[in-house]
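K.L.:
Just need the whole structure built from these sequences, with the hints factored in.
Here the protein sequences line up with chains A and B, keeping their order. Position 13 of the first sequence, counting from 1, maps to 13 under UniProt numbering, and the rest follow consecutively. Position 245 of the second sequence, counting from 1, maps to 245 under UniProt numbering, and the rest follow consecutively.
Bear in mind the hints are in silico, worked out from the structure with no lab data behind them. Do not rely on the hints blindly, as some may be mistaken.
[To be verified] Straight-line C-alpha distance at most 20 Å; calculated DMTMM-like pairs for lysine to aspartate or glutamate:
| # | chain 1 | residue 1 | chain 2 | residue 2 |
| --- | --- | --- | --- | --- |
| 1 | B | 112 | A | 56 |
| 2 | A | 48 | B | 116 |
| 3 | B | 160 | A | 70 |
| 4 | A | 146 | A | 107 |
Since we're looking at a predicted model, the values are computed, not measured.
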Amino acid sequence: MFASKNGLKGDPRLEAISEAIRVVPHFPKPGIMFQDITTLLLDHKVFKYIVDIFVDRYKNMTISVVAGIEARGFMFGPSIALAIGAKFVPLRKPGKLPGKVIYQAYELEYGEDCLEMHIGAVQEGEKALVIDDVVATGGTLSAAIKLLERMGAEVVECACVVGLPELKGQSRLNGKPLYILVEPREIENCC
Amino acid sequence: MATTPNSLVLEISGVKIVPQSNYHSGNSVKVKLLPNTKSPIARRTPTIYGRTNTPRGLQQIKSSHMAAQNVDSTDDRISRISSSIRVIADFPKPGILFQDITTLLLDPKAFKDTIDLFVERYKEQNINVVAGIEARGFIFGAPIALAIGAKFVPLRKPKKLPGEVISEEYSLEYGTDIMEMHVGAVQAGERALVVDDLIATGGTLSAAIRLLERVGVDVVECACVIELPELKGRNLLGDKPLFVLVS
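P.N.:
Structure, rendered in structure tokens:
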């Protein structure tokens, strides 16, 4: 599941990525230590490490679809898609995509939300990657997997920069492998 | 470069061909082939480096290095980009013809060409910051930033950014909205590009310019895939130049 145990043990890029993440305490609500990846994007070298690691992993897997989850998945997914020659498919909150869509509801801590994908964006049999910045409970990623599978695509893997403890050691989501670059950054005296 | 052998100026509006391979169902659109045209790219003519193929003639461009050395390859790239964009009628409300770039993203060559066209223009211009406007500006802005060695800074709707932010209010057709940027994302004196998929009225882009200028950033240019020229968004950008691929 984690890159360090999956071929990249000791890779200095992973440490650089981890150190570039900013932890924002009590966002969006008290008790949550938010893993802010915008600071990663301010460091071009580190941003490139992230994309390079994902591209190296996926470029030979005949993946033709990279599905990015709105909105932070849009910051990483497109560059990966471009580098491996795949389509980029945005998975969006309701009402944003203008054409005909399919939608998949998923649970939040309180209540429900919904993810949409354009009909016709993926074809049956295509191999897909799902990208988001952070995975917590995996609810959003699970919804993404379902959307792609409903259109007949095969989800090869879900890829995230940061994986939170809520995953509790799961290395699969809906039976699909998860690939995560780093664990959450702890708030020692950082930031 | 007023005309090329493939230049197309069509009279019908709101109709275009969309490559059928891009989707199974959804909005299929009828297109009339006009005589004397080679291919039915409706509603838009390709814009090359700030010039428009309109009757009012060529507009002078500011950057002298935008010479027409690679015009032919640029033309091919731009026509493919233009024809990969899907127009959806009556979204988000009746009367609007929505320019859907998601079909462009489904064509890896067109998407790559889009990014390449921006990167070619900006890579030698010492741009330190690419600011992308949520959310479709992220899709184009982040790859551009990566390719030219710049920081990527997301400009977001309220309450999305977790850290301390500065905010800028801007007008919508009805009411106002707010755009935010993280404090410390940019430094005074840095050179920035603002990227979005499309410029309509220019309200969002001008808010982005104000946000960046408030912290002393030099906004070099605004870059969009698509311009809706009839909405005159350029006029809201003040002295900031606008670069678009398709107009």
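K.L.:
Name the hints, by number, that the structure is in violation of.
P.N.:
As far as the earlier hints go, not one is violated by this structure.
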